[in-house]
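Enquirer: Protein chains in written order, with my numbering: chain U, 9 to 274; chain V, 9 to 274.
Keep in mind the hints are simulated off the structure, nothing from the lab. Just so you know, not all the hints are guaranteed correct.
Since copy identity is lost for identical chains, a pair holds within one copy or between any two.
Listed next, the in silico SDA-like pairs over lysine to any residue satisfying Cα-Cα at most 25 Å (straight line) [what the hints assert, rightly or not]:
hint	residue 1	residue 2
1	102	153
2	102	138
3	180	88
4	102	129
2 protein chains.
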Amino acid sequence: MFQIIFNQLSAAEMSALPKTLQLDLLAEFQILPEDLENLDSSRFGLLERDRKKLYRYRAKDYRIYFEKTPEGITVHRVLHKNTNVDFLSAGAQKWMLGPSGAGILFIKKSRHELLRPMMVGGWNVESPNFVAQREIRYENGGRKFEPGGYNNIPIAGMQGAIALLKDVGLSKISDRILSLIATLKSELDPADFEFLSPDGSSDHASFLTFRPRRVASEKLVDALAKNDVVVSLRIDRANHGWIRVSPHFYNTFAEMERIAEVLNQS
Amino acid sequence: MFQIIFNQLSAAEMSALPKTLQLDLLAEFQILPEDLENLDSSRFGLLERDRKKLYRYRAKDYRIYFEKTPEGITVHRVLHKNTNVDFLSAGAQKWMLGPSGAGILFIKKSRHELLRPMMVGGWNVESPNFVAQREIRYENGGRKFEPGGYNNIPIAGMQGAIALLKDVGLSKISDRILSLIATLKSELDPADFEFLSPDGSSDHASFLTFRPRRVASEKLVDALAKNDVVVSLRIDRANHGWIRVSPHFYNTFAEMERIAEVLNQS
Chain U
9 MFQIIFNQLS
19 AAEMSALPKT
29 LQLDLLAEFQ
39 ILPEDLENLD
49 SSRFGLLERD
59 RKKLYRYRAK
69 DYRIYFEKTP
79 EGITVHRVLH
89 KNTNVDFLSA
99 GAQKWMLGPS
109 GAGILFIKKS
119 RHELLRPMMV
129 GGWNVESPNF
139 VAQREIRYEN
149 GGRKFEPGGY
159 NNIPIAGMQG
169 AIALLKDVGL
179 SKISDRILSL
189 IATLKSELDP
199 ADFEFLSPDG
209 SSDHASFLTF
219 RPRRVASEKL
229 VDALAKNDVV
239 VSLRIDRANH
249 GWIRVSPHFY
259 NTFAEMERIA
269 EVLNQS
Chain V
9 MFQIIFNQLS
19 AAEMSALPKT
29 LQLDLLAEFQ
39 ILPEDLENLD
49 SSRFGLLERD
59 RKKLYRYRAK
69 DYRIYFEKTP
79 EGITVHRVLH
89 KNTNVDFLSA
99 GAQKWMLGPS
109 GAGILFIKKS
119 RHELLRPMMV
129 GGWNVESPNF
139 VAQREIRYEN
149 GGRKFEPGGY
159 NNIPIAGMQG
169 AIALLKDVGL
179 SKISDRILSL
189 IATLKSELDP
199 ADFEFLSPDG
209 SSDHASFLTF
219 RPRRVASEKL
229 VDALAKNDVV
239 VSLRIDRANH
249 GWIRVSPHFY
259 NTFAEMERIA
269 EVLNQS
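Just need the whole structure built from these sequences, with the hints factored in.
Expert: Take a look at the structure:
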């Protein structure tokens, strides 16, 4: 008997992914007992952490980290290849549906030294009893990047927005947006439109950017506006206008069809 | 007949000052017709702007700018000696009663070049169609210091707070706070308390900072807290604790007396 066990963390990571992606990953992650005797470095990576040997399997854009056990393997993590980031920032506005003025900054612990805070305040430098010191010595941890004077109201708004997104469910939102995008794209004839957004299954974007081959993008953006559809007109370095449609989970398939209808008729 | 006329601007500036200060300034600003023939530079400054000769008279911490007219003089400006600032910043929180995260930054036009913005964004550097440029060229005017991504909600809160303060009236608020401070101070025996706040009429502070001569400041702050009075304990570089009472216009004289009562009895 050969067992593949997902621990609590990897099971949660797996279930946070879109359903179709989960199935794809499981289909690809086919490890046979004999593979374990012969974990060659071309298919498997090896990491040693805390005296534990962890193997890494590449499945699409994901990395499955697992450990050998007497019964088979235990999967510890299922992480996107870009998970192991040094710096990550995200504004609360736009996709996150929160207010302008708040956001999230993540800095890997080992990179804290590397980044100098933009602002110095009473909270992120050592200032006992709010008495300014001769030398600037930053506080440790995330506090190094929080000068003080919290932007409380937008932060509370972001918290509310994150709660809403969690309530709906990230994988559900992701599935929904990709379906909306796919619907819109399927209604647009490639003979009439050039697409900028990636096509492959691995790099799906949450919006669709394209331009008409025969008329100016501006004309179609105007036509959409007249039909109460708000999209973004973006200009690239070659001065080409592109139409960017950015649906969110609350948008409907009927709306995507309506957009396509206006675009095809203009 | 010798006329002293305040134009609209100087009249407004005058009436924005506390009543007692207005009277003091008018009492000091005694110009006789013969003075105009003999505007010596020790008592009067001379500025030439737009081919106009403006005289400056020093009265306490104010500067009265006036012009000679056939009938006497016309007062153009009544400005505090510190009015002519290069840089001024004020947070919306604390005295302004607004939210944390918003504030006002004033930079004299001739100093715009001198100050480099802390942040670079899509709004404060030239970026036609949001396309980043090879060189950073700042926008002109106040926009140089507004990187974009407005912190709308706290700014709206600050606007509300400013409207509230204007509604009550700045000179009324100023008079009220100074009276509250004076009341509190008059109830505290200088034999028992040392005062840090300035004493003179010209540099009144909007809060009173002091410490007891016979007990620790911490003890009195605790006693106040037990009586539902929130004050700030501030520590100086010599490690002395000071009690800071910061009343605003909505505080009452009864509250000041209550504070003094607790302090005198503890």
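Enquirer: Now tell me if each hint is right for this structure.
Expert: A quick look at each hint next to the structure:
Taking CA atoms no more than 25 Å apart as the test, residue 102 paired with residue 153 passes in both settings, with 23 Å inside one copy and 23 Å between copies. Taking the shortest alpha-carbon separations for residue 102 and residue 138, only the inter-copy value of 16 Å comes in at or below 25 Å, while the best intra-copy value is 36 Å. When the C-alpha separation of residue 180 and residue 88 is checked against a cutoff of 25 Å, the pair qualifies only within one copy, where the shortest distance is 18 Å, while the shortest distance between copies is 62 Å. In the homo-oligomer, the alpha carbons of residue 102 and residue 129 lie at most 25 Å apart only across protomers (16 Å), although the nearest pairing inside one protomer, at 28 Å, exceeds that limit.
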